[in-house]
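Visitor: Based on the provided sequences and hints, a complete structural model is requested.
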Amino acid sequence: DVKVTQSSRYLVKRTGEKVFLECVQDMDHENMFWYRQDPGLGLRLIYFSYDVKMKEKGDIPEGYSVSREKKERFSLILESASTNQTSMYLCASSPRGPGGQPQHFGDGTRLSIL
Amino acid sequence: AQKITQTQPGMFVQEKEAVTLDCTYDTSDQSYGLFWYKQPSSGEMIFLIYQGSYDEQNATEGRYSLNFQKARKSANLVISASQLGDSAMYFCAMRERGTDKLIFGTGTRLQVFP
Chain A
9 DVKVTQSSRY LVKRTGEKVF LECVQDMDHE NMFWYRQDPG LGLRLIYFSY
59 DVKMKEKGDI PEGYSVSREK KERFSLILES ASTNQTSMYL CASSPRGPGG
109 QPQHFGDGTR LSIL
Chain B
41 AQKITQTQPG MFVQEKEAVT LDCTYDTSDQ SYGLFWYKQP SSGEMIFLIY
91 QGSYDEQNAT EGRYSLNFQK ARKSANLVIS ASQLGDSAMY FCAMRERGTD
141 KLIFGTGTRL QVFP
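Residue numbers (my numbering), protein chains in the order written: chain A, 9 to 122; chain B, 41 to 154.
Keep in mind the hints are simulated off the structure, nothing from the lab. Do not rely on the hints blindly, as some may be mistaken.
Computed cross-link-like contacts, DMTMM-like style, restricted to lysine to aspartate or glutamate with a CA-CA straight-line distance of at most 25 Å [as the list claims (entries may be wrong)]:
id, chain 1, residue 1, chain 2, residue 2
1, A, Lys79, B, Glu84
2, A, Lys61, A, Glu87
3, A, Lys26, A, Asp115
4, B, Lys110, B, Asp69
5, A, Lys65, B, Asp140
6, A, Lys65, B, Glu136
7, B, Lys43, B, Asp62
8, A, Lys11, B, Asp126
9, A, Lys79, A, Glu38
10, B, Lys43, A, Asp67
11, B, Lys43, A, Asp34
12, A, Lys78, B, Asp140
13, A, Lys61, B, Asp140
14, A, Lys11, B, Glu84
15, B, Lys43, A, Asp46
Guide: Structure representation (structure tokens):
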């Protein structure tokens, strides 16, 4: 089975801090994704990476950056955390290519910015 | 722009009954894929079922089936013989053209009662 592991289930940080959310997958997938989930808004894509060192902005990239130095690891960075970034963050991975390959998700990180 | 609409914020169903969760989509592409995910209160996203736009048969996976009506652009999830463990959020998603990204709906919260 595909395993996507997020470093923390719960995280509390203060405004202005630099925050790192880590995600590791063990299935050699080319694609990795970071989503933000808020009530009533569903999942919104923050950033997407289709290969090592490659990244693409999603729908809501402002205030975030990402890093993918190794194929299995995709990091989300909040450069200067703000209270409006309090949310559930979900990481996912998938193989590249057409067809019905689903994205596989981690358990999520509930981030609170105080 | 491609879009997924889930019009039911919440649904109730009695145990052992069937329930249909609605999903409509908007795309001008001929080739696309539709996914359903389940998210229990614990937070992880679980892939349930996939339907390709060229698939002639409706997809089925155990108690889950997808009622795919291409002309109406709908891809409703049918859960037969509901169980208490089916209580969760359910998300419909569509693969975006030319990439491996998914567009998600806002979700439907299903509650199964005894």
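Visitor: So, for every hint listed, does it hold in this structure?
Guide: Now the hints, each set against the structure:
no. : hint                 : in the structure
1   : Lys79(A) x Glu84(B)  : 22 Å, holds
2   : Lys61(A) x Glu87(A)  : 19 Å, holds
3   : Lys26(A) x Asp115(A) : 22 Å, holds
4   : Lys110(B) x Asp69(B) : 12 Å, holds
5   : Lys65(A) x Asp140(B) : 13 Å, holds
6   : Lys65(A) x Glu136(B) : 14 Å, holds
7   : Lys43(B) x Asp62(B)  : 14 Å, holds
8   : Lys11(A) x Asp126(B) : 22 Å, holds
9   : Lys79(A) x Glu38(A)  : 7 Å, holds
10  : Lys43(B) x Asp67(A)  : 13 Å, holds
11  : Lys43(B) x Asp34(A)  : 31 Å, violated
12  : Lys78(A) x Asp140(B) : 19 Å, holds
13  : Lys61(A) x Asp140(B) : 17 Å, holds
14  : Lys11(A) x Glu84(B)  : 12 Å, holds
15  : Lys43(B) x Asp46(A)  : 18 Å, holds
The structure does not agree with numbered hint 11 stated previously, though it agrees with all others.
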